[in-house]
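Going down the list, the protein sequences come from chains L and C. For the first sequence, the numbering used here gives the first residue as 1014, with consecutive numbering after it. For the second sequence, the numbering used here gives the first residue as 104, with consecutive numbering after it.
There could be a bad hint or two in this list.
What the hints assert, rightly or not - Estimated spans, in silico, between C-beta atoms of each pair:
#: 1; chain 1: L; residue 1: L1467; chain 2: C; residue 2: G217; range: 57 to 63 Å
#: 2; chain 1: C; residue 1: P253; chain 2: L; residue 2: W1288; range: 57 to 63 Å
#: 3; chain 1: C; residue 1: E145; chain 2: L; residue 2: V1273; range: 38 to 44 Å
As the list claims (entries may be wrong) - Reference excerpt, derived from the structure (chain L facing chain C, CB under 7 Å, subset only):
#: 4; residue: L1069
#: 5; residue: Y1071
#: 6; residue: G1074
#: 7; residue: I1080
#: 8; residue: V1083
To be verified - Below, in silico cross-link-like pairs of lysine to any residue (SDA-like), each with a Cα-Cα straight-line distance of 20 Å or less:
#: 9; chain 1: L; residue 1: K1252; chain 2: L; residue 2: E1285
#: 10; chain 1: L; residue 1: K1252; chain 2: C; residue 2: K328
#: 11; chain 1: C; residue 1: K328; chain 2: L; residue 2: R1201
#: 12; chain 1: C; residue 1: K328; chain 2: L; residue 2: L1232
#: 13; chain 1: C; residue 1: K328; chain 2: L; residue 2: V1253
#: 14; chain 1: L; residue 1: K1245; chain 2: L; residue 2: L1232
#: 15; chain 1: C; residue 1: K328; chain 2: L; residue 2: W1287
#: 16; chain 1: L; residue 1: K1252; chain 2: C; residue 2: N211
#: 17; chain 1: C; residue 1: K328; chain 2: L; residue 2: R1247
#: 18; chain 1: C; residue 1: K328; chain 2: L; residue 2: T1238
#: 19; chain 1: L; residue 1: K1252; chain 2: C; residue 2: L316
#: 20; chain 1: C; residue 1: K328; chain 2: L; residue 2: I1386
#: 21; chain 1: C; residue 1: K328; chain 2: L; residue 2: M1301
#: 22; chain 1: L; residue 1: K1252; chain 2: C; residue 2: A319
#: 23; chain 1: C; residue 1: K328; chain 2: L; residue 2: F1205
#: 24; chain 1: C; residue 1: K328; chain 2: L; residue 2: F1481
#: 25; chain 1: C; residue 1: K328; chain 2: L; residue 2: D1195
#: 26; chain 1: C; residue 1: K328; chain 2: L; residue 2: Q1192
#: 27; chain 1: L; residue 1: K1252; chain 2: L; residue 2: V1271
#: 28; chain 1: C; residue 1: K328; chain 2: L; residue 2: F1465
#: 29; chain 1: L; residue 1: K1252; chain 2: L; residue 2: L1232
#: 30; chain 1: C; residue 1: K328; chain 2: L; residue 2: S1196
#: 31; chain 1: C; residue 1: K328; chain 2: L; residue 2: I1429
#: 32; chain 1: C; residue 1: K328; chain 2: L; residue 2: R1295
#: 33; chain 1: C; residue 1: K328; chain 2: L; residue 2: P1044
#: 34; chain 1: C; residue 1: K328; chain 2: L; residue 2: V1208
#: 35; chain 1: L; residue 1: K1252; chain 2: C; residue 2: V318
#: 36; chain 1: C; residue 1: K328; chain 2: L; residue 2: R1249
#: 37; chain 1: C; residue 1: K328; chain 2: L; residue 2: V1235
#: 38; chain 1: C; residue 1: K328; chain 2: L; residue 2: I1049
#: 39; chain 1: C; residue 1: K328; chain 2: L; residue 2: P1489
#: 40; chain 1: C; residue 1: K328; chain 2: L; residue 2: R1251
No wet-lab data here; the hints were simulated from the structure. Here the structure is a predicted model, which means the values were calculated and not measured. Heads up, the beta-carbon is just placed ideally off N, CA and C, and yes, glycines get one too.
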Amino acid sequence: MARASARERRVPNAHKKEKLASSLTPAATVPTWSRIDTIAIVALTIVAAALRLWHLGYPPGPVFDEINFVGDAGAYLRREQFFTPHPPLTIQLIALGMWLFGDHTWSWRLSNALVGTALVAITYLLGRRLFQSRLAAALAAAFVALDGMFLIDSRTGVLDIVYITTAALAYLLLFRFAQIRDSADRRRTLVFLAVALGLCLGAKLMVPIIAVILVSGSLIYVLETEQRIGTKRRERHRKVIAALLLTGSISAIVYFLVFVPNFIALRWGGIEAWWRYVNATRWFEAHMNAGEKTFWSDGRASPWWNWPLMLHPFIYWQRSMPDGAVATVWFAPNPILCWAALGAIFVTILRLFRSPTFTDGFVVAGYIGFLAIYMPVSRTLYEYHYMPALYFGYLALAGILARCWRSATIGFEQLIMLLALVPAAELGFGFVGGSIALAALFAAWGVSLRRFALSGRFACVSCATAAFAAFIYFAPLYFAMPISPAGFHSRMWMQGPGTADWSCCPVK
Amino acid sequence: MNVLRLSLFAVASWAILAMLAPHISLASENLLVNGDFASGAESSPAAWTPESWVSSPDTHYRWIAPLRDHPGELEIETAGMVNDARWVQTVHLDPGWYHIHAEARSENVGAGPGLAGAAIGILEFGTRFDQIKGDSDWTELGFYLNVAEPADVRVVLRLGEPWQYNTGRAFFRNAAIERVDGPVAGAQIWNLSEARSIWSGNRLSIVPVFVLLGVAAAIGWRLCKTL
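Chain L extracted, bound-state conformation:
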């Protein structure tokens, strides 16, 4: 009797372990591609392209860091030596636009607009593979399409959108690799993954290393876990080493290929010149870290812990119009999405404790990794440094909202999602108006809780609708549309001193 009960206890435990092990590997199945997928990805790409290409030449002069990177691109075309600490891929893409179409503001920005549009499509494909859900994929792509930071960096000749897009491509290919079984197809996928990682490394200094660690670590994990049964440990290790050798060497080749235009157009003397560039970069970073500028000496800068709370966005560009209106490019995320993404990461971490999955682990690791890299940095940092982490925040948010929709969340998780709307309502509508709106919202949710399936959908629709409304409301500040000074100030929800200053530091 005692034996039987012990066996009974063991069997569910073994079943539990097996279930746990299977949840910790990427899902082997992906929804089959349907007409809905085609319609969704085409529609999202068209919307993203329209938002990114519309009126691309405005503002008519350099915006924020365009003075550096568009200038570097112009120096490329003039074959004039220059130094920038960043690897040159993004600058080369800006130069390509200028070379093809001439020196116009829209041609500076065209390559980033196209890359930023591609990010939306890639996010849809990635979302499908991560969550096995078309809704999650569509939501993730829509969030990237409608976020202020992703939109503005796609409409400006600056660096971040390119490495984020190539990193996203690498994540997509990683999940493709994990979800296919044909050896030849897997090997080809690894090559493309390596190319994406090489381009990512060639687009910005240092930060892409997190993408490399994340993808490489996941690759090792996938290869080690999927063949645990029936494959000798030595054989598994051999496969891991082979995969790392292939991806590492091809990534390095692509990374160095990015520098070839420097060897040709800028007369760099081979690997010695590259090594001098590396040393110059180390000197530059040390110089920056030495405290020449601090968070408080540049009012636009903010420490890393400000970013998830969206405490310190800043103005990229601002002009007063003759009629008294003011046109602004305000670099900030969509506040609803930003705060909801933080909630979604919190919920995902809780889920990791309760029922861990590979996807949730990947998303949380990406978010924390891209935030952690900035924690020890003492030099000036800006809100845009949050973009690669926020990308994972949006993936998490899409995953949680899709789960809400199909009633796979508990009430507490829905509540966390709805709580993201609280600061927006209070700050946007004022205390009285906001409190009334929130009371109505939570009352409606409470009613919907009686029918549990409806409460998840209510939370999902509420968040998505509020995010879309916030996009419409803040759109004039993303597109530099002239609005009245009162309209501008009404959108600056936080105007306190120090870190919580949304209208900080207009750039001339």
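Based on the hints, put chain C in the right spot on chain L.
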């Protein structure tokens, strides 16, 4: 005897002339074309080209034609958005020492740290030249350049530099490049070969890197046959 004396005199004269001639002629010759900004058409000076680090509607270039006692001037105005703005002329220089100089004055040029002012210089990475900032009256700016082998040099009259952009107005007049025996004591000196060696090296040294990585990729490709 007279013939001998005359011959000696002629030879000595030629020798003295031969020694002095380069100094006499080169010292006075301005190797810049239109360095006095005397000629031009409409608003553009002859032989000088405006060039911005970034094209901006806030950056303006003007030629001020000479008028009576006032020599011609070149002006750069950067209002609003900062920039690195320059007037540029390319000059071919043979080996030797050169004095490159101009007079400059500034109006409302940002004077803070990390802001480059008005200067005459050459467009070579890593070179820095004496500058004027703030509101400054006409000031002689210049430096000595050593050229080891024949080279085309881009001479710039500029306001701001990459990563040290600035705003304000800068005026330049009487720009010149003169060949000289050597620099005067205490003057700013640049060596063109050194300036150009910053990214130097053997271009082909990148090839073994690609070969090595290519071999590693090929081995990886082969090993990944049964993933």
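Results of checking the hints against the structure:
{"no.": "1", "hint": "L:L1467 <-> C:G217: 57 to 63 Å", "verdict": "59 Å, holds"}
{"no.": "2", "hint": "C:P253 <-> L:W1288: 57 to 63 Å", "verdict": "30 Å, violated"}
{"no.": "3", "hint": "C:E145 <-> L:V1273: 38 to 44 Å", "verdict": "42 Å, holds"}
{"no.": "4", "hint": "L1069", "verdict": "15 Å, violated"}
{"no.": "5", "hint": "Y1071", "verdict": "12 Å, violated"}
{"no.": "6", "hint": "G1074", "verdict": "4 Å, holds"}
{"no.": "7", "hint": "I1080", "verdict": "5 Å, holds"}
{"no.": "8", "hint": "V1083", "verdict": "5 Å, holds"}
{"no.": "9", "hint": "L:K1252 <-> L:E1285", "verdict": "34 Å, violated"}
{"no.": "10", "hint": "L:K1252 <-> C:K328", "verdict": "9 Å, holds"}
{"no.": "11", "hint": "C:K328 <-> L:R1201", "verdict": "10 Å, holds"}
{"no.": "12", "hint": "C:K328 <-> L:L1232", "verdict": "16 Å, holds"}
{"no.": "13", "hint": "C:K328 <-> L:V1253", "verdict": "12 Å, holds"}
{"no.": "14", "hint": "L:K1245 <-> L:L1232", "verdict": "18 Å, holds"}
{"no.": "15", "hint": "C:K328 <-> L:W1287", "verdict": "34 Å, violated"}
{"no.": "16", "hint": "L:K1252 <-> C:N211", "verdict": "66 Å, violated"}
{"no.": "17", "hint": "C:K328 <-> L:R1247", "verdict": "16 Å, holds"}
{"no.": "18", "hint": "C:K328 <-> L:T1238", "verdict": "19 Å, holds"}
{"no.": "19", "hint": "L:K1252 <-> C:L316", "verdict": "19 Å, holds"}
{"no.": "20", "hint": "C:K328 <-> L:I1386", "verdict": "35 Å, violated"}
{"no.": "21", "hint": "C:K328 <-> L:M1301", "verdict": "46 Å, violated"}
{"no.": "22", "hint": "L:K1252 <-> C:A319", "verdict": "15 Å, holds"}
{"no.": "23", "hint": "C:K328 <-> L:F1205", "verdict": "16 Å, holds"}
{"no.": "24", "hint": "C:K328 <-> L:F1481", "verdict": "47 Å, violated"}
{"no.": "25", "hint": "C:K328 <-> L:D1195", "verdict": "10 Å, holds"}
{"no.": "26", "hint": "C:K328 <-> L:Q1192", "verdict": "17 Å, holds"}
{"no.": "27", "hint": "L:K1252 <-> L:V1271", "verdict": "29 Å, violated"}
{"no.": "28", "hint": "C:K328 <-> L:F1465", "verdict": "50 Å, violated"}
{"no.": "29", "hint": "L:K1252 <-> L:L1232", "verdict": "11 Å, holds"}
{"no.": "30", "hint": "C:K328 <-> L:S1196", "verdict": "7 Å, holds"}
{"no.": "31", "hint": "C:K328 <-> L:I1429", "verdict": "47 Å, violated"}
{"no.": "32", "hint": "C:K328 <-> L:R1295", "verdict": "39 Å, violated"}
{"no.": "33", "hint": "C:K328 <-> L:P1044", "verdict": "27 Å, violated"}
{"no.": "34", "hint": "C:K328 <-> L:V1208", "verdict": "19 Å, holds"}
{"no.": "35", "hint": "L:K1252 <-> C:V318", "verdict": "18 Å, holds"}
{"no.": "36", "hint": "C:K328 <-> L:R1249", "verdict": "13 Å, holds"}
{"no.": "37", "hint": "C:K328 <-> L:V1235", "verdict": "17 Å, holds"}
{"no.": "38", "hint": "C:K328 <-> L:I1049", "verdict": "35 Å, violated"}
{"no.": "39", "hint": "C:K328 <-> L:P1489", "verdict": "53 Å, violated"}
{"no.": "40", "hint": "C:K328 <-> L:R1251", "verdict": "12 Å, holds"}
Against the hints set out earlier in the document, violations occur for numbers 2, 4, 5, 9, 15, 16, 20, 21, 24, 27, 28, 31, 32, 33, 38 and 39.
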